[in-house]
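If you're matching them up, the sequences are chains B and U in order.
When the letters of the first sequence are read in order and numbered with my numbering, they come out as residues -18 to 300.
When the letters of the second sequence are read in order and numbered with my numbering, they come out as residues 562 to 856.
Hints in this document: simulated from the structure, not taken from any laboratory.
Quick reminder that beta carbons are idealized off the backbone N, C-alpha and C, glycines included.
A couple of the hints might just be wrong.
Among the chain U residues that face chain B by a calculated CB cut under 7 Å, a handful are [to be verified]:
| no. | residue |
| --- | --- |
| 1 | Asp605 |
| 2 | Ala623 |
| 3 | Tyr625 |
| 4 | Ser627 |
| 5 | Leu629 |
| 6 | Ala633 |
| 7 | Phe634 |
| 8 | His673 |
| 9 | Leu679 |
| 10 | Trp692 |
| 11 | Gly704 |
| 12 | Tyr737 |
| 13 | Ile740 |
| 14 | Glu825 |
| 15 | Cys830 |
The calculated SDA-like cross-link candidates involving lysine to any residue, where the alpha carbons are at most 20 Å apart (straight line), are [as the list claims (entries may be wrong)]:
| no. | chain 1 | residue 1 | chain 2 | residue 2 |
| --- | --- | --- | --- | --- |
| 16 | B | Lys133 | U | Pro590 |
| 17 | U | Lys667 | B | Gln294 |
| 18 | U | Lys667 | B | Lys245 |
| 19 | B | Lys133 | U | Glu580 |
Chain by chain, the residues run as shown.
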Amino acid sequence: MGRRKLSAWPGASRQLNGLKHGLLLLILTILTIPVVAVLWFMLTGVLMPLDELKVTLAPALSGSATAAVTTASASQSGAAAVSDLATGYAIWPLLPSWPTLQPLTELLLDTPAFFVMFWNSFKIVLPALLGQFLFGAPAAWALSRFRFPGRKLLLGIYIVLMLMPFQVTMVPNYLVARQLGIVDTIWAVALPFAFSAYPVFIMSKSFDAVPHAMLEAASIDGAGYWQTFVRVGLPLGVPGIVSALVLGFLECWNAIEQPLVFLKDSRNWPLSLFLPQITASRLGLAMSASLIMLAPAVLIFFFGQKYLELGIQATGVKE
Amino acid sequence: MVSRLRQKLGLNSRLARREAGAALLFLLPSLLGIGAFFLLPFLDTIRRSFYDVLGQRFVGVASYQSVLQNQAFQLASINTARFITICIPLLLALSMLLALLVRAVKPAGRTHKTLFLLPMAVPVASLVLLWQALFSDRGLVNGFLARRGQQPVSFMESSAAFWVLIVTYLWKNSGYDMILWLAGLDGISDSLYDAAHVDGAGWLQTFRFITLPSLAPTVGLVAILSLLSSFNVFREAYLVAGSYPHDSIYQLQHLFNNWFVKLEISRLCAAAVLLALVLLIFILLLLRLFRDRTE
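When you get a sec, could you build the whole thing from the sequences and use the hints?
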């Protein structure tokens, strides 16, 4: 199968001269500004010393709503920077005036609560991912490779489950958690994730691509179903498994709804819930914590981007 | 009797029976979990939607009536529907534009692609601070407006909140959909474009008569996946504006949470069943509407 080398902007590809190419690149680059700006904000925010943060951001985070609107109309003249300071709008300099790592070190060294939350996040993510792999991979293999009555129906159930938002499964999950007595423990969040239908679907898509000849070779060698799965299926299905786990990690790490509903005791809260609690009063800390919350997700993203794209494509393949 | 059943299920050969048995064992752990955490309790949810809060007295469709007549539910449904009907077409168009651009500049667009995809990895919690900095009354956006001599907007306390949420949603999900479009574009055969080129078709014509029709089956899938991701926008809304935000962004997700806090179990059950039904119908419709006509 020949892949298109040039462009999908049809017809244009061949006459696409340097100028047009440059113009399209420029448009694309402009479109990336919203993403770059957000990252820039987060990075410079961490490096910004506290007293500078107080001047730049504090107005946005502490001013009361009504007071701000009434004073705002009075602020329509005057030099930009001066009027910003005078009327108390937030500003954001491109670079911090005096970069420092002090808030970050303070967070890392003097804030034990932060580590508890960080660890809580992992206590949810790790069992969830482990379950997605241990329960999901064999199920995906069976759905992809075995022919048995009810296969289509089961696949349909997994797809429908995958497509239902949390609001539909919230009550069912809660009812079970109550039965099992795990409400207000991390298991109420981790277990439903562990049995998520998403990874099963993605992994089964990738198992579909394992060539039949490999399986026949294995069965001639006298390997049983399980051995074939472990020796042939798992190694060849690695891209799909990694895709599922990368998507699963992002999903769990960023989860808000589930811990919000199932974890009343704030000592069990993961970072995603804890972070919004530290705001205006401890601006420097909040900046650093935001970045540290972001770090694992972005690391996994860059490490697994290829697999992530494969995984997304798998969800889009028509059934 | 047994043999007839076997025949019907395609299990008449020994091999087929062995394979089915193996399949069952492979699937068992996952099925037990899915049954225990999703399917069985969902049946219980359906049952409870017809009972009172304690789950003991049968009340018929009373909970459904009370849900449908509830003003908060009506507001939340309308808002959710409005959000979906506005954000999904916008997202589809924007992400398709990104996909086409990224392909057009290939192989140069690699970094751009990564950047567009990156927001899906950025935790909402990390964004809260920035969103407050940008959109609070004395935030960066209002500061910008004031400097230009314009009236500041109260983003969080007015219907502007709705648009803030739309922009957030677009920012977060364009990359994901772009990847889906790129996969769809990969599936279009070169020969179609070559033929169009020979016929002297311009890029607009080629796009209109080749690219768009070929992407038709992808549209349904991208729309369905976007529909689901649109429910996650609750995270931003909740973290920035809390349980009771401005009316314009009070969505079904807020309502579900608030009813949960008040332990209005029967209403919640009825609402969950309704939501599941509506979504199911919607998904089937979308699939039918954009079915691959070449098959």
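Going through the hints against the structure:
{"no.": "1", "hint": "Asp605", "verdict": "holds, 6 Å"}
{"no.": "2", "hint": "Ala623", "verdict": "violated, 17 Å"}
{"no.": "3", "hint": "Tyr625", "verdict": "violated, 15 Å"}
{"no.": "4", "hint": "Ser627", "verdict": "violated, 16 Å"}
{"no.": "5", "hint": "Leu629", "verdict": "violated, 17 Å"}
{"no.": "6", "hint": "Ala633", "verdict": "violated, 14 Å"}
{"no.": "7", "hint": "Phe634", "verdict": "violated, 12 Å"}
{"no.": "8", "hint": "His673", "verdict": "holds, 5 Å"}
{"no.": "9", "hint": "Leu679", "verdict": "holds, 6 Å"}
{"no.": "10", "hint": "Trp692", "verdict": "violated, 10 Å"}
{"no.": "11", "hint": "Gly704", "verdict": "holds, 3 Å"}
{"no.": "12", "hint": "Tyr737", "verdict": "holds, 6 Å"}
{"no.": "13", "hint": "Ile740", "verdict": "holds, 4 Å"}
{"no.": "14", "hint": "Glu825", "verdict": "violated, 11 Å"}
{"no.": "15", "hint": "Cys830", "verdict": "holds, 6 Å"}
{"no.": "16", "hint": "B/Lys133 - U/Pro590", "verdict": "holds, 19 Å"}
{"no.": "17", "hint": "U/Lys667 - B/Gln294", "verdict": "holds, 19 Å"}
{"no.": "18", "hint": "U/Lys667 - B/Lys245", "verdict": "violated, 50 Å"}
{"no.": "19", "hint": "B/Lys133 - U/Glu580", "verdict": "holds, 15 Å"}
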